[in-house]
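**Q** Construct the entire structure; sequences and hints are all you get.
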Amino acid sequence: MINWLPLENEEQLQNAIQSSSESPIVIFKHSTRCFISKMALRNFESEFAQNNTKSYLLDLINYRSISNDIAQQLEIQHQSPQLLIVSNSKVIHSSTHENIDGTLASKIVLE
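Residue numbers (this note's numbering): -3 to 107.
Hint data in this document are derived by calculation from the structure and do not stem from the laboratory.
Note that the coordinates shown come from a computational prediction; the quantities given were computed from them, not determined experimentally.
A hint or two may mislead.
Claimed, not checked - Straight-line C-alpha distance at most 25 Å; calculated BS3-like pairs for lysine-lysine:
| # | residue 1 | residue 2 |
| --- | --- | --- |
| 1 | K103 | K50 |
| 2 | K103 | K34 |
| 3 | K86 | K50 |
| 4 | K50 | K34 |
| 5 | K86 | K103 |
As the list claims (entries may be wrong) - Quick list of simulated restraints, FRET-style, between CB atoms:
| # | residue 1 | residue 2 | range |
| --- | --- | --- | --- |
| 6 | R60 | V87 | 28 to 36 Å |
| 7 | A67 | T28 | 14 to 22 Å |
| 8 | K86 | Q8 | 12 to 20 Å |
| 9 | K34 | Q14 | 12 to 20 Å |
| 10 | E107 | S61 | 14 to 22 Å |
For each residue, glycine too, the CB sits at the ideal point set by N, CA and C.
**A** Next up, the structure:
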């Protein structure tokens, strides 16, 4: 089970990005209205070995403006669902839809 941290405001986003200088973080952008997003999240949760990785879950329906901030600050196109791995305030991995792979994400955060 992943211990998700919510992303609900700009301050939380800034703190998350800053913490990526210590170790990589995971951001999962999830649409609660989309079946594909629900499946991608479920698969990711069953595959990802969280260890001590800070993992943030963004509810796109309620906090779309935070997704826009992520796209602008991290210079990445918005997708949904979308998995981002951020290290040193830069996206080092991005995947969407059926390409979201928790096993691969586990390996990337441990590198």
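**Q** Does each hint fit the structure? Answer for all of them.
**A** So, going through the hints one by one against the coordinates:
1. K103 <-> K50: Roughly 15 Å separates the two Cα atoms, so the pair holds.
2. K103 <-> K34: With a Cα-Cα distance of about 23 Å, the restraint between K103 and K34 holds, given a limit of 25 Å.
3. K86 <-> K50: holds, 15 Å
4. K50 <-> K34: holds, 20 Å
5. K86 <-> K103: holds, 17 Å
6. R60 <-> V87: 28 to 36 Å: violated, 19 Å
7. A67 <-> T28: 14 to 22 Å: holds, 19 Å
8. K86 <-> Q8: 12 to 20 Å: At 19 Å between Cβs, range holds.
9. K34 <-> Q14: 12 to 20 Å: violated, 30 Å
10. E107 <-> S61: 14 to 22 Å: violated, 32 Å
Violation of the numbered hints given earlier is confined to hints 6, 9 and 10; the remaining hints are satisfied by the structure.
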